[in-house]
Amino acid sequence: MGRIRSGAEASENTTDSEETKVAGRRRGVLIPCLLFAASLLAVGIPVWLIQPFRHQTPRDLEVSYFLRRWSPVGVSILAGFTLFWVFRLWRGSPGLLRRRTLVLASALSLFTAWFAHQNHFEWKFRPPGKTEFSTPAEASFLKDEDRVLGVEINGEAAAYPIRALAYHHLVHDRVGGVELVATY
Amino acid sequence: MWERNLNGKDLQFHLSGINNENFIMKDEQTGSWWQQVSGRAIQGPLKGSQLKRFSHDDLTFATWKREHPSTRILEPDPSAQEEYAPADWEAETAELPVVTPRGKSEPLEDRDLVAGVSNQDAARAYLVADLARQGPVNDRLGTTPILVLPFEDGKSVRVFERTAGGQVLEFFAGTGEELGRLVDATTGSTWDFRGTALAGPLSGSQMARMDVLLDYWFDWRTYHPDTDVYRAGL
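For the record, the sequence lines run as chains A and B. Under our numbering, the residue at position 106 of the first sequence is numbered 106, and the numbers go up by one with no gaps. Under our numbering, the residue at position 213 of the second sequence is numbered 213, and the numbers go up by one with no gaps.
Just so you know, these hints were derived from the structure itself, not from any lab. Be aware that a few hints might be false.
As the list claims (entries may be wrong) - Below 25 Å or equal to it, Euclidean Cα-Cα: the simulated SDA-like pairs (lysine to any residue) are:
| hint | chain 1 | residue 1 | chain 2 | residue 2 |
| --- | --- | --- | --- | --- |
| 1 | B | Lys155 | B | Thr187 |
| 2 | A | Lys124 | B | Leu96 |
| 3 | B | Lys9 | B | Gly44 |
| 4 | B | Lys47 | A | Lys143 |
| 5 | A | Lys124 | A | Glu62 |
| 6 | A | Lys130 | B | Gly44 |
| 7 | B | Lys155 | B | Asp211 |
| 8 | A | Lys124 | B | Asp77 |
| 9 | A | Lys124 | B | Lys52 |
| 10 | A | Lys143 | B | Lys155 |
| 11 | B | Lys155 | A | Lys130 |
| 12 | A | Lys124 | B | Leu108 |
| 13 | B | Lys9 | B | Glu28 |
| 14 | A | Lys124 | B | Thr93 |
| 15 | B | Lys155 | B | His68 |
| 16 | B | Lys47 | A | His172 |
| 17 | A | Lys130 | A | Gly176 |
| 18 | B | Lys52 | A | Glu152 |
| 19 | A | Lys143 | A | Arg126 |
| 20 | A | Lys130 | B | Thr30 |
| 21 | A | Lys130 | B | His14 |
These figures come from a predicted structure and were not determined experimentally.
Please model the complete structure; the sequences and the hints are all you need to start from.
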């Protein structure tokens, strides 16, 4: 009786250790995937929260600011960990499926790290390059009825056509000795 | 129009987000977030700071160059010009959705264009379409007597403190020889749209300008929750 039982225990132990190994390998691959998921959330949440035509609460802004503030550093660190894990797992000669997963996790982690450093709002609304100015006589690009924002400081007058401002949103200038930003 | 200098430091701003259809700008120097419409820092190390506002006009090119013949005008950026809003952008913008929750009994539609004026006592919204029909409005904002002055093109509005020479003035639109000018009933002086007396006993006087924001109703009331609305006596 005793021997049979001990044999059964032995065989159970063997199965256990094989399962642990398999589970361990799965966990190994899971870690870079989880790291990537975390970095995706860090960059994705503010993109979602502060998108146009969505109602923003003060809390949304707080969370977005925090994530935008820290994601360039945080997501780069996560990408570093991901690459480190991929390197470790790669040395264990993983199978084709696992290798593909690891390559994908690395590529996506690098992509999110790059995205965390981007200002995607300026992709669509680029700041003006060099700002150049015309006199009223030269300004053939404007019609009389076009609206402008005008400012006069210390005797110097400058006008910013609204259609240009509505695209760039921000124009830096110096008028009458004052450093200004025109916004619309 | 905001001064970029804050406590001796020049700030460079970038478009950095949107808060209920008003954009957020970020300064390069501290990374703080600023609300475009209020010039106030809402997040980051400078949270609570306020940029100094410079009064600006929002008017047609024709009016601006007539008043400021030596003005310079920002040229379109050739690399971005195709992305600029079309000529009929005002009509297009008026169709865009609004996402801020609406109160139970709002006096105006979300995208009604208003001229917003505020001081330490009160905030008031004037429907631009009403002003264009009614002409100059002699009003009082809290204790301050003000003149709300629509331009003849119906697109722009200026606001003045209607006091000069120690008196409060009542204005009406000039007729006949004074067409296109203002006359104050108090002294009979003639005034132009810059708030300068051209003729009469107060000739040479200048009324103090007040900031006016041409804005949509939903945005104005978001940043001025205590605002009331001027009821035109049409």
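Consistency of the hints with the structure:
1. For a cut-off of 25 Å, the pair hint linking Lys155 (chain B) to Thr187 (chain B) is broken: about 29 Å separates their Cα positions.
2. Our distance criterion of 25 Å between C-alpha atoms is met by Lys124 (chain A) and Leu96 (chain B), whose separation comes to about 18 Å.
3. The straight-line distance between the Cα atoms of Lys9 (chain B) and Gly44 (chain B) is roughly 16 Å, inside the 25 Å bound, and the hint therefore holds.
4. A hinted pair counts as satisfied when its Cα atoms are at most 25 Å apart, and Lys47 (chain B) with Lys143 (chain A) does not qualify at roughly 40 Å.
5. This hinted pair checks out: Lys124 (chain A) and Glu62 (chain A) have alpha carbons roughly 24 Å apart, not beyond 25 Å.
6. With a C-alpha separation of about 29 Å, the suggested pair Lys130 (chain A) and Gly44 (chain B) falls outside the 25 Å cut-off, and the hint is violated.
7. With a C-alpha separation of about 16 Å, the suggested pair Lys155 (chain B) and Asp211 (chain B) falls inside the 25 Å cut-off, and the hint holds.
8. Taking the CA atoms of Lys124 (chain A) and Asp77 (chain B), the gap is about 15 Å. The hint holds against a cut of 25 Å.
9. For a cut-off of 25 Å, the pair hint linking Lys124 (chain A) to Lys52 (chain B) is broken: about 28 Å separates their Cα positions.
10. The hinted pair formed by Lys143 (chain A) and Lys155 (chain B) meets the criterion: a straight-line CA distance of about 15 Å does not exceed 25 Å.
11. Taking the CA atoms of Lys155 (chain B) and Lys130 (chain A), the gap is about 30 Å. The hint is violated against a cut of 25 Å.
12. Simply put, Lys124 (chain A) and Leu108 (chain B) have alpha-carbon atoms about 32 Å apart, too far for the 25 Å limit, and the pair is violated.
13. A distance of roughly 11 Å separates the Cα atoms of Lys9 (chain B) and Glu28 (chain B); the hinted pair therefore holds under the 25 Å criterion.
14. Distance hint between Lys124 (chain A) and Thr93 (chain B) is fulfilled; the C-alpha atoms sit about 17 Å from each other, no more than 25 Å.
15. Between the alpha carbons of Lys155 (chain B) and His68 (chain B) the distance comes to roughly 18 Å, so the proposed pair stays at or under 25 Å and holds.
16. Proposed proximity of Lys47 (chain B) and His172 (chain A) is supported: the alpha carbons are some 22 Å apart, at most 25 Å.
17. As the CA atoms of Lys130 (chain A) and Gly176 (chain A) are separated by approximately 19 Å, the hinted pair is consistent with the 25 Å bound.
18. As the CA atoms of Lys52 (chain B) and Glu152 (chain A) are separated by approximately 15 Å, the hinted pair is consistent with the 25 Å bound.
19. Distance hint between Lys143 (chain A) and Arg126 (chain A) is fulfilled; the C-alpha atoms sit about 24 Å from each other, no more than 25 Å.
20. For the suggested pair Lys130 (chain A) and Thr30 (chain B), the alpha carbons sit about 24 Å apart, so the restraint of at most 25 Å is met.
21. Of the supplied pair hints, the one linking Lys130 (chain A) and His14 (chain B) holds, its CA atoms being roughly 15 Å apart against a limit of 25 Å.
The structure does not agree with the numbered hints 1, 4, 6, 9, 11 and 12 stated previously, though it agrees with the rest.
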